[in-house]
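Asks: On the provided structure of chain A, position chain B with the ligands as indicated by the hints.
The residues making up each chain are set out below.
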Amino acid sequence: MPPVPRFPLFARLLHWLMAAMILTMLFIGIFMVTSVGPAYQRLVDIHRPLGICILLLAVIRLLNRFMMRAPSLPDTLPLPLQRIAHASHIVLYTLMIGMPLIGWAMLSAGDYPVTMWNGIALPPILPHDPVLFAFLRGLHTWLAFALFATILAHLSAALLHGLILRDGVWQTMALRWNPAKRRDAG
Amino acid sequence: MMELIRKRLAEPGGWLRLAVVATVPAALGAAFVFAAGWLSPGRLTPATFMHTFLVTSGAQPGFRRNHAKGVCVTGWFDGNVETASFSRAALFTSMRSPVVGRFALAGGMPYQDDTPGTVRSLALRIMPAHGGEWRMGINDIPVFPAPDAATFNALLLASWPDSRTGKPDPTRMAAFLVQHPETKRALALISSRRLTSGFADDTYNSLDSFTFVNAQGIATPVRWAMVPEQKDHPPAPQEKGPDYLFNDLITAIGQGALHWHLIVTLGNPGDPTADPALPWSGPHRQLDAGTLTLTAAQSEDGGPCTGITYDPLVLPDGIAPSDDPIPAARSAVYSRSFTLRSGEIKPASAITPADVNPGAQ
Ligand code: HEM
Ligand code: HEM
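So the sequence lines, in the order shown, correspond to chains A and B.
If you're matching positions, the first sequence starts at 1 in this note's numbering and goes up one per residue.
If you're matching positions, the second sequence starts at 1 in this note's numbering and goes up one per residue.
Hints in this document: simulated from the structure, not taken from any laboratory.
Do not take every clue at face value.
[As the list claims (entries may be wrong)] With the C-beta cut set under 8 Å, the calculated list includes, among others, these residues of chain B facing chain A: (1) 21; (2) 29; (3) 35; (4) 166; (5) 217; (6) 307; (7) 317; (8) 328; (9) 329; (10) 339; (11) 342; (12) 343.
[Unchecked claim] Per the computed footprint, the stretches of chain B lying under chain A, defined by three or more beta-carbons under 8 Å from a beta-carbon of chain A, are: (13) 129-135; (14) 184-191; (15) 318-325.
For every residue, glycine included, the Cβ atom is placed at its ideal position computed from N, Cα and C.
Just chain A, same shape as in the assembly (with noise of 0.2 Å):
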């Protein structure tokens, strides 16, 4: 089988849309619990169901993931790096589900509604347990501070790839294909 150059478009409107909300999840995140103005409520408003859409977008493109085929990385890449590269994205991958699943068993075991929009609640996925919400409350606090130390990470190394290697990884992911930067490569 010849390589795949890169992510089908599906997979590539998933990344870009889910690196948006996620990224917009952690800044909403951070400055409403350090917030005691009137935005603190309309954003935990839009946190909540945002979260529960991130969670539901990551199943699908976990799922989508294991059904097609990925590009691998180039051989220029040292196997190490390789590998934390790959390592790297199973964190994104576990935290992007992690992270909402999390949020939502915090405020079951806190004995909160878990409010999505106009009085509808989710059900709780944990039975109440006060000390159980302390923990995963701080929980959803250091992961969500582990997942921003990923997320730049993967950014610096995916600019490095587009601006400085120019090996073609970048654009197995980019939205607008570009046929001259490929030829570039190597």
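Replies: Below, chain B with the ligands alone, put in the same frame as chain A:
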């Protein structure tokens, strides 16, 4: 790969491209740090309030950072269907909704002595069977002493007893009141309120304004009060012991169910919804929106009101926030208080299970 990088950097614009690679993530990181408030130590945050309560009440692990001394109560709420023309909330349909409540004294000291003048509160969680939960925390004062969270924080710091002398510092408070005439006016209303003998014969006010929304989507600004059916008495003339308010409540509830009416005041055009320090004056239409019945009390230790927070923004469809800035501040701060106390080891409460149920221990 290093070879390739060296080659690329030697190309024209190579270093510029590297600068872009470094700057984009760095800018994003800086924006995150900024959004988190780490560069603005003066920002009023839930953590500011946690610090204020620490200063004013000392470390009280496991307890609510405010309204720390309390007991749980349980019962139910029967909504009045006629309220449905103003709010489509499920709890106003005729079905009976279970209630978990909490009576408390304002202040962060969990072992403070009960006194007639300490602000008393009632917190309620009304849980209709098919969703549409409503949480509230309401106080026995006519107005809130501050129009916004920043003023309330400053008031707490100005009015609480000095940790060394144990007494409020009159000069600090006087200086604060000169800067905040709105608080001075509100405190005058608060200190001239008529005191009752205890929790059972007291009236509790929402202070904050909210919005009722009916099935047609028509919005009405509201404030409300829980008005007792129990006949009120003046405060007892003599000293009655450090926990007398709670003991009296436990005795009363042991003798029979206690009842309150949810009296909703419909706002007139021009009422100050955005300022809980201002009363709504003049004639207003009021609704009797339902009856609260409380039938049992439990200690906080092991009781059903401890592992939750009475977040005033847990509202059913049909009740919405207004432009009052305080409920959002409360929601954010209560979440922080709830998180901290839920992760701490709590010593026994002032009112223990043995106090509530002497026979059972
Ligand atoms: C990709 C998904 C998510 C991300 C990246 C995310 C991120 C964050 C961040 C960064 C914070 C601030 C943490 C802190 O500094 O303490 C936060 C807080 C919070 N998140 Fe999420 N979150 C996600 C999903 C969810 C979901 C699905 C829910 C609920 C259904 C949720 C509920 C909350 C709540 C309730 C808070 C704290 C509010 C408070 O304590 O005042 N999150 N989140
Ligand atoms: C910015 C203003 C306010 C701040 C910072 C504040 C702070 C707090 C905190 C930290 C708690 C403990 C929450 C918990 O751990 O579950 C609390 C409880 C409470 N607050 Fe406030 N509060 C504010 C305004 C108000 C107002 C306007 C009212 C009344 C209308 C009110 C009524 C109550 C009641 C009744 C409780 C006790 C709830 C219970 O028994 O569990 N608070 N407050």
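Asks: Confirm or reject each hint.
Replies: How the hints compare with the structure:
no.: 1; hint: 21; verdict: 4 Å, holds
no.: 2; hint: 29; verdict: 6 Å, holds
no.: 3; hint: 35; verdict: 4 Å, holds
no.: 4; hint: 166; verdict: 29 Å, violated
no.: 5; hint: 217; verdict: 11 Å, violated
no.: 6; hint: 307; verdict: 4 Å, holds
no.: 7; hint: 317; verdict: 3 Å, holds
no.: 8; hint: 328; verdict: 4 Å, holds
no.: 9; hint: 329; verdict: 4 Å, holds
no.: 10; hint: 339; verdict: 5 Å, holds
no.: 11; hint: 342; verdict: 4 Å, holds
no.: 12; hint: 343; verdict: 3 Å, holds
no.: 13; hint: 129-135; verdict: holds (count 3)
no.: 14; hint: 184-191; verdict: violated (count 0)
no.: 15; hint: 318-325; verdict: holds (count 4)
In this structure, the earlier hints numbered 4, 5 and 14 are contradicted, and the remaining ones agree with it.
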